[in-house]
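So the sequences go chain by chain: Y and L.
With the working numbering, the residue at position 409 of the first sequence is 409, and numbering never jumps.
With the working numbering, the residue at position 110 of the second sequence is 110, and numbering never jumps.
Source of the hints: derived by calculation from the structure; they are not laboratory data.
Note that beta-carbon positions come from the ideal geometry of N, C-alpha and C, so glycine has one too.
Don't take each hint at face value.
What the hints assert, rightly or not - One-sided excerpt, in silico: chain L residues whose CB lies under 7 Å from chain Y: (1) Ser-19; (2) Pro-30; (3) Arg-32; (4) Ala-82; (5) Leu-84; (6) Ser-85; (7) His-87; (8) Ile-106; (9) Asp-107; (10) Leu-110; (11) Val-148; (12) Gly-166.
To be verified - PhoX-like mimics (lysine-lysine), calculated; alpha carbons at most 25 Å apart, straight line: (13) Lys-49(L) x Lys-73(L); (14) Lys-28(Y) x Lys-80(L); (15) Lys-12(Y) x Lys-28(Y); (16) Lys-28(Y) x Lys-76(L); (17) Lys-360(Y) x Lys-265(Y); (18) Lys-49(L) x Lys-76(L); (19) Lys-12(Y) x Lys-73(L); (20) Lys-28(Y) x Lys-73(L); (21) Lys-12(Y) x Lys-77(L); (22) Lys-187(Y) x Lys-144(Y); (23) Lys-243(Y) x Lys-265(Y); (24) Lys-49(L) x Lys-77(L); (25) Lys-360(Y) x Lys-405(Y); (26) Lys-12(Y) x Lys-141(L); (27) Lys-28(Y) x Lys-77(L); (28) Lys-12(Y) x Lys-80(L).
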Amino acid sequence: MKERNWESIITKHLDGVATIEEVADLSKAIESDESVRLLYLRMARVHAVLATSPNDVGRVVSIDEERPISRRWWMQAAAVFVVLLASFAMVWFEASPQVVITDINGAVRWTRIDGESRYISTPGSSVSAGTLESMTPDSSATLKFEDGSTVTISGRSNLMLLNEDGKILSLREGLLFASVEPQRSSKPLRLNTSTAEMTVLGTRFDVIADDSQTQIIVNEGRVGLQRIADDSTVEVQAGYHTKATLEALSPLQTMAISGPARTWKADLEHDVDHGRWVPVEILLRIELGRDIDAGRIQEKDARQVYAERLANVPEGSGAIFAEPVRNQRETLYFSSLSAKRNALRPILLSAEARFRIQGKVSSPSGIAIGVVASDVERSNAGRFVVRRRIDAGGFDLQIPVNELKEENFLRGAVGLELFSLYFYSAESESELRITSAELMGN
Amino acid sequence: MGHKTSHNEFARLLVEHRSVFLRYVLTKVPNRADAHDIVQECSVALWRKFEAYDTSQPFVAWALGFLRLEVLKFLKKSQKRAQLSVHAAEVLMEEEQCNEQLTNSIDKHLVHCLEELPEQQRAIIDGYYYREFSVKELATKYQRTEQVIYKKLQRIRSSLQLCVEGQIRMLRS
Chain Y
1 MKERNWESII TKHLDGVATI EEVADLSKAI ESDESVRLLY LRMARVHAVL
51 ATSPNDVGRV VSIDEERPIS RRWWMQAAAV FVVLLASFAM VWFEASPQVV
101 ITDINGAVRW TRIDGESRYI STPGSSVSAG TLESMTPDSS ATLKFEDGST
151 VTISGRSNLM LLNEDGKILS LREGLLFASV EPQRSSKPLR LNTSTAEMTV
201 LGTRFDVIAD DSQTQIIVNE GRVGLQRIAD DSTVEVQAGY HTKATLEALS
251 PLQTMAISGP ARTWKADLEH DVDHGRWVPV EILLRIELGR DIDAGRIQEK
301 DARQVYAERL ANVPEGSGAI FAEPVRNQRE TLYFSSLSAK RNALRPILLS
351 AEARFRIQGK VSSPSGIAIG VVASDVERSN AGRFVVRRRI DAGGFDLQIP
401 VNELKEENFL RGAVGLELFS LYFYSAESES ELRITSAELM GN
Chain L
1 MGHKTSHNEF ARLLVEHRSV FLRYVLTKVP NRADAHDIVQ ECSVALWRKF
51 EAYDTSQPFV AWALGFLRLE VLKFLKKSQK RAQLSVHAAE VLMEEEQCNE
101 QLTNSIDKHL VHCLEELPEQ QRAIIDGYYY REFSVKELAT KYQRTEQVIY
151 KKLQRIRSSL QLCVEGQIRM LRS
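Whole structure, please, built from the sequences with the hints as guidance.
Have a look at this one:
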């Protein structure tokens, strides 16, 4: 019998797309190999529960209707939990591998697998299976594993730890840096996203993922990546990166990381991580509507004025409007841009460089301009920020990189690699919008 | 028990435990239409033998004996299709019997794990399992290839499985 990927064949069998030959091989494996038998039973049971009556326990159509069932169950279980709590805690902390949150910035939430959720403001909490979220563009959290490996999520990111030792991770969205100590080849660290599955034996790498694509940049060691769309695999070596998209439109391949750049201009439409992108055509129409309402132009001239105005703005321009994000204390109006997702080269923040930020506010406002940046080792990621008070109307700010400091003013951003750029205001009436963002050299 | 009373009681038991029977079949015969047919066939056999059923004994255990035979009969006559071998099904049945507690736990914890799924994944499960869209229909609906939908289903079931196992381990601790 051929060596098979049983998980894949079982899945195909459950979905009715396995071949006769594959199912014959599966049958033989079930008969002779206990591990395949148990794997099959676990997978088939999940399928069976999902496939039974919508009125039954597996229903997901109306989640709200299910909650009472879940609550009832937990109420019954609560009594058992109380009795077992002390021994549970002892066993847990002594026997389970430890995953500790070692660094926290901004709004970070931890949700245990039983649904209990809490904001975490200080490092030191031990966690196991559950979901870690950094909630705002300027927040981050670092997990340290028992073997010394670290994983940091930054910006709006959502990471699930699928098992207790944290060695199976699922990044739903966001940015992750990992520094993974050498793993046993029989038990590598696995990182899944919506479009790729990665196997890590010991390395440093960055991952940027959302629903439609995953980009991995390997800085040291190597990472095996399987694209979900077609099961194609690639090994990404140090100094290379690759991108796995939801559709397998082209062969999966790795590309060398080019040398660092010291300048960068954001492509607002495609680099936006948080905020609402509005193209210039829409902005002009809104503006035209206001001008007509105010009597500044006649309705009959609107078409011509629109064409004239459109001819005077660069193609593809527009603005990112800040959108609200709630942290533990307040609502802030954020927009943010990824400097990694579409950049072909790492972007270094040099001492002589400066950011040029253009935009508009509707009322006099205090705004914060910040960057997420890290050293090459990924051991020292940080948020560096400056604040400015600006008058209503358009603004054009020049922010020297050497003015960007951490909140405690101890460290600057000079010499670090840029990951993202963010802007926020605490004032909703400011209607903060960014129309251009650029890192300029001397 | 009179005929009418007996019929009512049989119908009640059948409705009450239908999902248990379906799940039992689906682990050996994953196709839902086939599984429904098998349970239907078995219901007829059960009704014929219901007079002999000792009401002091658990109904499910009694019925599963018949269902087991019905599953094996179906597999014997379907070997030209991509179905598990009869022997493999028998081995699975034995294993299930030994791991009854585990399968019950999976059922129980899956509810909670489903709630943990992101919105889009819930929508895919909803479409595939409950609204009974085909993979092709889902691919059209989400403007994806069929392969991507299969992969997504695989990933979702895999996440659910890991979530369930995590919960079971946590409770065992």
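Right, here's what the structure says about each hint:
1. Ser-19: Constraint on Ser-19(L) satisfied, holds at 4 Å.
2. Pro-30: holds, 5 Å
3. Arg-32: holds, 5 Å
4. Ala-82: Nearest chain Y Cβ about 4 Å off; hint holds.
5. Leu-84: holds, 5 Å
6. Ser-85: holds, 4 Å
7. His-87: Hint holds; His-87(L) Cβ to chain Y Cβ min 5 Å, cut 7 Å.
8. Ile-106: holds, 5 Å
9. Asp-107: holds, 5 Å
10. Leu-110: At about 5 Å, which falls below the 7 Å cut-off, the nearest Cβ of chain Y leaves the hint on Leu-110(L) intact, so it holds.
11. Val-148: holds, 5 Å
12. Gly-166: Hint on Gly-166(L): holds, closest Cβ of chain Y at ~4 Å, below 7 Å.
13. Lys-49(L) x Lys-73(L): holds, 18 Å
14. Lys-28(Y) x Lys-80(L): holds, 16 Å
15. Lys-12(Y) x Lys-28(Y): This hinted pair holds, its Cα atoms lying about 16 Å apart.
16. Lys-28(Y) x Lys-76(L): This hinted pair holds, its Cα atoms lying about 16 Å apart.
17. Lys-360(Y) x Lys-265(Y): holds, 18 Å
18. Lys-49(L) x Lys-76(L): holds, 23 Å
19. Lys-12(Y) x Lys-73(L): Between Lys-12(Y) and Lys-73(L) the Cα gap is close to 23 Å, so the pair holds against 25 Å.
20. Lys-28(Y) x Lys-73(L): Holds, at about 19 Å.
21. Lys-12(Y) x Lys-77(L): holds, 21 Å
22. Lys-187(Y) x Lys-144(Y): Measuring from Cα to Cα gives roughly 18 Å; hence the hint holds.
23. Lys-243(Y) x Lys-265(Y): Holds, at roughly 21 Å.
24. Lys-49(L) x Lys-77(L): holds, 24 Å
25. Lys-360(Y) x Lys-405(Y): Satisfied, since the Cα-Cα distance of roughly 24 Å is no more than 25 Å.
26. Lys-12(Y) x Lys-141(L): holds, 21 Å
27. Lys-28(Y) x Lys-77(L): holds, 18 Å
28. Lys-12(Y) x Lys-80(L): holds, 17 Å
Comparing the model with each numbered hint stated earlier shows that all of them hold.
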